[in-house]
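Trainee: Listed here are the chains, written in short residue letters.
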Amino acid sequence: MTEKDIILVIDDEIQIRRLLGITLDSQNYKTYFACDGKEGLVAAATFHPSLILLDLGLPDIDGQELIIKLREWYKKPLIVLSVRKSEEEIIQALENGANDFLTKPFRSGELIARIRAAIRNSQEKEESPLLNFGSLSIDMINHVVRKNGEIIKLTATEFSLLALLAKNNSRVLTHQVILKEIWGYGYHEQTQYLRVFVAQLRKKIEDNPASPSLLVTESGIGYRFGN
Amino acid sequence: MKKKKALLKLGLDSQLYQYLLVVVVISFTTIVCIPLSSPQSYHIISFILFFVVALLAVFLGIGPVLLASTLSAVVWNFFFIPPYHTFNIAATEDKLMFGSFFIIALLNGVLTNRVRRKEILVREREDQTNALFQLTGELSKVSGIERVQKVAREVFKKHFAGNLHFILQDGNNKLIKPPEEENINSEVHLDYDLASEVFDKSEKDCKAKNNASESDMIYYPLTGIRLNPGVIVFNMENLEFRKKDTFWTTYFTQISNALEREFLGELAIKARILAESDKLYKTLFNLISHEFRIPLATIMGASDTLLTSRTSLKNKMDLYNEIFKASERLNHLIENLLNMSRLESGKISLHPDWCDINDLINKVTNNLREELVNYVFIKKIPDDLPLVRLDFVLMEQVLYNLILNSCQYAPISSEIRFEVLYENGNLLFKLSDNGTGFPEDAIPKVFDKFFRVKESKAGGLGLGLSIVKGIIESHKGTVKVRNRNGGGAEFTISLPTDIMSLEQLNVE
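So the protein lines, in turn, are chains G and H.
Here the first sequence is numbered in numbering that gives the first Met the number 0, starting from 0 and rising by one per residue.
Here the second sequence is numbered in numbering that gives the first Met the number 0, starting from 0 and rising by one per residue.
The following block holds chain G by itself, in its conformation from the complex (with noise of 0.2 Å):
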C-alpha cells in the first residue's frame, strides 16, 4: 500500500465520528468526514474516496436517496451504516447499490474486516479465474472445486449458486438477487429452493456445516460468503 486510502464517512452523529475517526487512522486509512448529505455528495466529488461508509439517518437527505444519487457517477465501495435494525430498509439500501451494510452499534473489528474486503474487491483489475478461500479452491474455467485438494463433485446449480456467492466475495446478496441470477425471474420468490441448495452446498464445502464460515446466513437478507 504506497499510498494511503481514502474513506469518507458521512454521518450527523459527532461522537461516532471522532471514534470513526481514530478507528481507521489505526488502521493507516485517510478520513474525511461530513455530517449531512449535501456535504457528503460534495465531499465525495472532491476527495474521489477509496470508500465511503454512510449513515442512513441524516438530517436533510434521505439515506436511500443519497445512495441513488450517490450511485449516478460514483463507481466505489459503499457501505451503510444503520441504526435501525430493520431488514427492509436495508435490503432497499443494497439495491439502491450498498455493497454491504452494519448495524450500530458495531464492533470495529467487522467494520475494518468489512471495509478492507470492499476495497480489495473492487482493487481486483481482472477476475482471476482460480478463486482461493482457506481450504477451498474454485476453478472457474474448468468448473472444478476442491477442498483440501480433493475434488468435490457439485450439480450445476450447486456450482453456479458457490460460483455467484464466491465472485461477490465478503458481499452480502440478497435472496431475490441470488434467485434470479441462477434460477431466473419467474423464480426470485421461491426462497424454498435457495435454502435446499444452501444446505447441501453447506454439506460439501464447510469444515463444519453447523456453524458455517464460509456461506453465511444474514438472516432476514440473503447470504454472503467468505471470512
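Simulated from the structure, these hints should not be mistaken for laboratory data.
Every residue, glycine too, gets a C-beta built ideally from N, C-alpha and C.
Watch out, some of these pointers could steer you wrong.
[Unchecked claim] Straight line, CA to CA, 27 Å or less: simulated DSSO-like cross-link-like pairs of lysine-lysine:
hint, chain 1, residue 1, chain 2, residue 2
1, H, Lys378, G, Lys202
2, G, Lys103, H, Lys117
3, G, Lys203, H, Lys475
4, H, Lys378, G, Lys203
5, H, Lys448, H, Lys475
[Claimed, not checked] Not close to chain G: a few residues of chain H, all C-beta gaps over 10 Å, as computed:
hint, residue
6, Pro38
7, Ile43
8, Leu189
9, Ala301
10, Lys313
11, Ile322
12, Asp358
13, Lys362
14, Val392
15, Arg416
[What the hints assert, rightly or not] Residues from chain G that keep clear of chain H, each with C-beta distances beyond 10 Å, as calculated:
hint, residue
16, Asp11
17, Lys68
18, Arg70
19, Glu86
20, Asn95
21, Arg115
22, Arg145
23, Gly148
24, Gly183
25, Tyr184
26, Val195
Fit chain H to the supplied structure of chain G, relying on the hints for placement.
Mentor: Using the frame of chain G, we list chain H on its own:
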C-alpha cells in the same frame, strides 16, 4: 290541551251512553216480561229485574246503577204489581215487597259495583307489582350503563307503552349534553337546561313541560346514595303520574340504583387501571434506571481508571474487556426495550418465508456460543425435517431469548436440551434445562412484562420471555412453561406452519 278536552268529552259521552243503556235495557226487559205478567208471576218478574240490575252493575258506574235500580223498582210497580198501570199498590205485603225490592236492587247494584272497583284496584296493583318485579329482574341481569338504559327502556315500553329517555351525568356531576343531530332526528326534543335544573336540585320533584309536540314530558331526577346518575325523561300521555306517586318513586329508584351500581363499577375499574398503570410505570422506571446504571457505572469507572491512573497492561486489558461487556449489556437492554415497544405497538409485521430449521438453530447457537461454552448443549432435530414457513428474523430472536434465559438460570456445565418436532401441522420446539426451575407461583407470570423471579442472579428487564410470547402469538402459536419432574424448566413452543418436504421440491 285540545286532546285532553276531547278525552274528557269522550268520558262524559260514555257516561251518557251508560244512562241511555240502562233505560234501554230496563225498557227491553219490561217489554219482554209484559206477556208473562199475571197476578201470580209478578214476584218472579222481580227476580228477573234484580238479575238485570246486578248484571248492569258489573259493567256500569255507580250513577247508572242507581238509575237502574230506581227505574226497575218504578217499572215493576207500574207494570206488574196490581193494580196495573198505576203507582198505587193494593196489598200491604206488596207495598213491603216494593220497598224491599227497591232497597235490595239498590244494595245489589252498589255492592256489585264496589266489588268490581276493588277488583280493578287489585288488578292495577298487581300490574304495578308485576311491572316492578319485571324491571328489577331484568335490571339485575344486565351490566354496563348502556345495557341498563336499554333494558329500562324496553321494560317501560312494554308495560306503559311510553318512551323513556336518559340524560346521564359524565362522572363529574354534570349532565352530558345530548348531541344536537340526535336531538333533531328523534321525535322528542330533550330540554338540556331543564334537565340540568332538575338534576342540580335533585329533589324528588318532577317537572312537566309542555312541548311543541303537544305531549307532556316529565323530567324526573334519578337520585342515588353516593351519586346521582342523571335525569330520566318520559312521556306521560296514557299514565296518571301524580296518582301513583309512590309506585313511580319505587320504579325509578330501581332504575336509578341499577345505574348507580354501574357508575360506581366503572369508576372502580378506572381507578384500578390507573393504579395498575401507575405501578407498572414506577416498576419500569426503577428497573430501567437500575439496570442501566450498572453497566454505565462499569464503563465510567473503568474508563476513568484507564484515563487517570497507571496500571499494568494486564489490568488495562481487563478494564477494556469490562467496558466492552458493559456496552454489550446496555445494547441488549435497549434491543429488548425496542423490540417490546415494537411488539406492543403492533409495528412488527410478519415476513414468513421458507426456512431451514437447521440454519435457524445454527445461527442462534453461533450467536450464543460464548454463553453456551459453559453448558452441554444437546440438540435433536429430525433429519427429514421439511422446510417450514416462518419469519426467520423473529424466530431467531425467540430462540435466542429462550436459550439465553436457560443459560442464565441453569447451573454451569449442566445439560441444556433442545428438541424440534413436527406433529399434526405444528412445529414444536422443546427446550429443557437442569436448573432449579421456576417457583410454582411464578409460573403463570413467567411471560409477563418486567417479571423477574425474585432473588434471581441474572439481571435484565424481564422482557426476554415476554418478547418470546409476543412473537409466538403473532405467529398464532403458543408457548408454555412447566417444571420438569427431574428438576429444571421446560419450555414448549407450538407453531402452526406450512411445510414443504424436499421431495416436493423436485431438485436435481
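Trainee: Next step is simple, just say for each hint if it's right about the structure.
Mentor: The hints, checked one at a time:
1. H/Lys378 x G/Lys202: Roughly 18 Å between the alpha carbons, so the hint for H/Lys378 and G/Lys202 holds.
2. G/Lys103 x H/Lys117: violated (92 Å)
3. G/Lys203 x H/Lys475: violated (36 Å)
4. H/Lys378 x G/Lys203: The hint holds at about 22 Å.
5. H/Lys448 x H/Lys475: Judged against 27 Å, a Cα distance of about 19 Å means the pair holds.
6. Pro38: holds (120 Å)
7. Ile43: holds (109 Å)
8. Leu189: Nearest chain G Cβ is 54 Å from H/Leu189, so the label holds.
9. Ala301: Label holds. Min Cβ-Cβ 17 Å, cutoff 10 Å.
10. Lys313: holds (21 Å)
11. Ile322: holds (13 Å)
12. Asp358: With a cut-off of 10 Å, H/Asp358 comes too close to chain G, as the shortest Cβ separation is near 6 Å.
13. Lys362: The claim breaks: H/Lys362 does not keep its Cβ more than 10 Å from every Cβ of chain G (closest is about 6 Å).
14. Val392: Incorrect as stated: the minimum Cβ-Cβ distance to chain G is 4 Å, not above 10 Å.
15. Arg416: Correct as stated: the minimum Cβ-Cβ distance to chain G is 16 Å, above 10 Å.
16. Asp11: Given that every Cβ of chain H is farther than 10 Å from that of G/Asp11, nearest at about 20 Å, it holds.
17. Lys68: holds (29 Å)
18. Arg70: G/Arg70 clear of chain H: closest Cβ-Cβ about 26 Å, beyond 10 Å.
19. Glu86: violated (6 Å)
20. Asn95: Nearest chain H Cβ is 20 Å from G/Asn95, so the label holds.
21. Arg115: holds (22 Å)
22. Arg145: The assertion about G/Arg145 holds, with a minimum of 22 Å to chain H.
23. Gly148: About 26 Å separates G/Gly148 from the closest Cβ of chain H, which puts it past 10 Å; holds.
24. Gly183: At about 15 Å from chain H, G/Gly183 clears the 10 Å cut-off, so the statement holds.
25. Tyr184: holds (18 Å)
26. Val195: Given a closest Cβ separation of 6 Å, the condition is violated.
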